[in-house]
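Which chain is which? The protein sequence lines are A and B, in order.
Its first residue numbered 16, the first sequence is counted upward by one per residue in the working numbering.
Its first residue numbered 259, the second sequence is counted upward by one per residue in the working numbering.
Check the hints yourself; a few may be wrong.
What the hints assert, rightly or not - Partial pick of chain A residues on the chain B-facing surface, computed with a CB cut under 8 Å:
1. Thr65
2. Ala66
3. Gly73
4. Arg113
5. Met114
6. Leu118
7. Arg132
8. Gln138
9. Ser140
10. Arg142
11. Asp144
12. Thr145
13. Trp189
14. Phe268
Derived from the structure by calculation, the hints contain no laboratory data.
Glycine residues also receive a C-beta, built at the ideal position from the N, C-alpha and C atoms.
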Amino acid sequence: MPAIRLSGVVKRFGPLTAVDGLDLEVPRGVVLGLLGPNGAGKSTTMKMLTAQAIADEGTIRILDHEIPAESKWARARMGVVPQHDNLDEELTVEQNLRMFSFLYRVPRRQRREAIERTLRLAQLSDRADTPVDDLSGGMRRRLLIVRALLHRPELVLMDEPTVGLDPQVRQDLWGVISALRDEGVTVLMSTHYIEEAERLSDEVALMAKGRVVERGTPVDLVAKYAGTTVEEYTPQGSGGISELESLVRAQGFDTRRTGTSLSVLRAEELPDSLRDRLGEPERRAANLEDVFVTLTGEAVA
Amino acid sequence: MSLTRQQRADARPEHHARPGRFETDAVLGVVAREWILYGQSWRATTFAAIVEPTLYLLCFGFGMGALIGTLAGFSYIDFLGTGIVAVSVMFQSMMPAVINTFIKRRFLHTYEGILAAPVDVRELVTGEALWLALRSGVYGCVPLLVAIGFGLRPGPGMLLVPFVAFLAGFAFALFGIWISAVITSVRSMDYVFSGLFTPLFLVAGTFFPITELPAWVQTAAMANPLFHAVELIRGAVFGGLGPGMVLLHVAVLTGFAYLMWNLAAFQMRRRVVD
Numbered sequence: 016m017p018a019i020r021l022s023g024v025v026k027r028f029g030p031l032t033a034v035d036g037l038d039l040e041v042p043r044g045v046v047l048g049l050l051g052p053n054g055a056g057k058s059t060t061m062k063m064l065t066a067q068a069i070a071d072e073g074t075i076r077i078l079d080h081e082i083p084a085e086s087k088w089a090r091a092r093m094g095v096v097p098q099h100d101n102l103d104e105e106l107t108v109e110q111n112l113r114m115f116s117f118l119y120r121v122p123r124r125q126r127r128e129a130i131e132r133t134l135r136l137a138q139l140s141d142r143a144d145t146p147v148d149d150l151s152g153g154m155r156r157r158l159l160i161v162r163a164l165l166h167r168p169e170l171v172l173m174d175e176p177t178v179g180l181d182p183q184v185r186q187d188l189w190g191v192i193s194a195l196r197d198e199g200v201t202v203l204m205s206t207h208y209i210e211e212a213e214r215l216s217d218e219v220a221l222m223a224k225g226r227v228v229e230r231g232t233p234v235d236l237v238a239k240y241a242g243t244t245v246e247e248y249t250p251q252g253s254g255g256i257s258e259l260e261s262l263v264r265a266q267g268f269d270t271r272r273t274g275t276s277l278s279v280l281r282a283e284e285l286p287d288s289l290r291d292r293l294g295e296p297e298r299r300a301a302n303l304e305d306v307f308v309t310l311t312g313e314a315v316a
Numbered sequence: 259m260s261l262t263r264q265q266r267a268d269a270r271p272e273h274h275a276r277p278g279r280f281e282t283d284a285v286l287g288v289v290a291r292e293w294i295l296y297g298q299s300w301r302a303t304t305f306a307a308i309v310e311p312t313l314y315l316l317c318f319g320f321g322m323g324a325l326i327g328t329l330a331g332f333s334y335i336d337f338l339g340t341g342i343v344a345v346s347v348m349f350q351s352m353m354p355a356v357i358n359t360f361i362k363r364r365f366l367h368t369y370e371g372i373l374a375a376p377v378d379v380r381e382l383v384t385g386e387a388l389w390l391a392l393r394s395g396v397y398g399c400v401p402l403l404v405a406i407g408f409g410l411r412p413g414p415g416m417l418l419v420p421f422v423a424f425l426a427g428f429a430f431a432l433f434g435i436w437i438s439a440v441i442t443s444v445r446s447m448d449y450v451f452s453g454l455f456t457p458l459f460l461v462a463g464t465f466f467p468i469t470e471l472p473a474w475v476q477t478a479a480m481a482n483p484l485f486h487a488v489e490l491i492r493g494a495v496f497g498g499l500g501p502g503m504v505l506l507h508v509a510v511l512t513g514f515a516y517l518m519w520n521l522a523a524f525q526m527r528r529r530v531v532d
């Protein structure tokens with residue numbers, strides 16, 4: 016039995032179809048990254064999983080509970096990290112955790128241990144009595160994450176857990192998410208950061224226009240759609256980029272435009288005769304962004 | 259032997275109790291949250307709860323009392339003091355229910371966090387109202403103590419006032435939560451305060467008996483829950499209210515609370531669930 020199963024899920028807001036026939040399964044013990052640009056339907060999907068949005072069509076099951084009818088039972092077994100920081104600013108770190116230990120029904124005798132454990136996980140033990148208002152952005156986000164772990168959930172939903180944070184802070188948070196991964200907690204994490212999805216996810220589901228367009232391990236997806244190397248060519252003069260694009264595509268290679276340059280995917284397979292005509296490239300490793308653009312024609316971030 | 263992550267996932271204990279449809283634990287969780295927050299704000303709340311009725315009693319009690327003397331068989335300051343208890347209950351419950359609930363829903367995203375935990379909208383609404391009712395039950399008695407300081411004679415019936423304040427506070431808190439879920443902007447609150455609060459507390463027999471008002475206003479006052487709270491409080495403090503009337507006033511307040519409980523849960527669900 017998978018931790019999450021969505022079948023043919025549709026969610027409309029007036030004329031806008033935010034989620035359009037979504038099928039998705041998240042096996043137990045897996046970290047699945049839901050990767051897509053803003054407006055792809057990731058947050059709406061997350062809201063439907065907590066029954067804060069109700070699907071117009073399709074079925075949703077979480078931990079074998081039907082959503083929304085049995086949502087409360089599912090929520091008792093899962094933790095949710097929201098996109099918006101909704102910590103109580105005037106309260107201390109410890110008080111914020113204590114409040115949610117009540118809401119998550121942590122038994123009275125286990126409350127102290129649960130709070131201390133999550134403080135350690137967030138590396139905030141020495142800040143327990145600090146008002147949230149005095150914490151840095153990274154500390155607040157760590158607190159927001161561990162708040163959802165007070166009751167040792169089997170499943171954790173994270174909606175853009177590191178959005179708006181600087182790269183250093185983001186990397187600190189990855190440590191917290193990795194620790195969950197090692198414990199065997201199932202994690203569904205929406206993100207539009209390529210590196211985050213690649214580093215943390217066992218599997219990635221690429222989402223665009225309310226649907227999952229492809230799914231697999233980051234390595235397999237990159238190998239399948241972008242090869243190992245991408246070469247970026249920056250032609251001189253107007254019209255040069257179109258000419259290069261036609262030339263490369265005529266040889267059966269996928270390309271994408273990145274500003275003033277043209278990225279050629281699977282460049283390790285470029286014949287020397289063609290490479291000689293393209294000029295001097297910049298080489299980099301292929302990544303999920305290349306896959307995403309190839310599949311959807313749009314950028315993630 | 260090391261376990262794979264899949265094995266660790268399968269081995270995680272499923273110790274979570276299956277929650278019920280409507281759980282007191284969820285309601286108490288919401289109340290506990292407010293209690294912790296109250297630990298930060300009790301000074302300001304207590305200050306307002308004492309100063310407001312004191313000023314009312316000083317200004318109206320002595321100012322108007324000197325002109326009026328007695329009213330409906332009571333000294334004016336006694337009449338006013340008991341009326342202020344009910345008004346205070348309404349303000350202590352309905353005002354934060356409208357303002358705080360709106361802010362928590364619209365700007366602080368507090369309810370997104372609570373509803374991601376195993377808490378349903380009805381439990382959330384009940385917990386919020388229960389907390390405000392408890393607060394009203396306690397703070398509602400403050401004007402009574404102030405009135406005693408101004409000369410009101412203490413009596414055993416006064417021990418019933420916290421219960422009346424709790425019931426009225428619960429009903430008004432739910433009324434306020436419903437309003438907060440109906441309005442769409444902060445600006446709409448002007449309509450609520452001017453168009454609803456003011457007539458509610460003026461036409462309830464707090465400052466003067468409703469028998470002095472035109473017949474149609476007296477009829478309208480009968481539909482005002484605050485009037486029934488005022489009557490119950492005066493009945494508890496001064497006696498003289500028959501069992502039939504007590505039952506009627508309690509029934510009106512209970513019915514109002516039940517209606518508002520359903521309306522508040524319904525409207526709040528519409529706001530927080532897409």
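Of the hints given before, which are not true for this structure?
3, 7, 8, 9, 10, 11, 12, 13, 14
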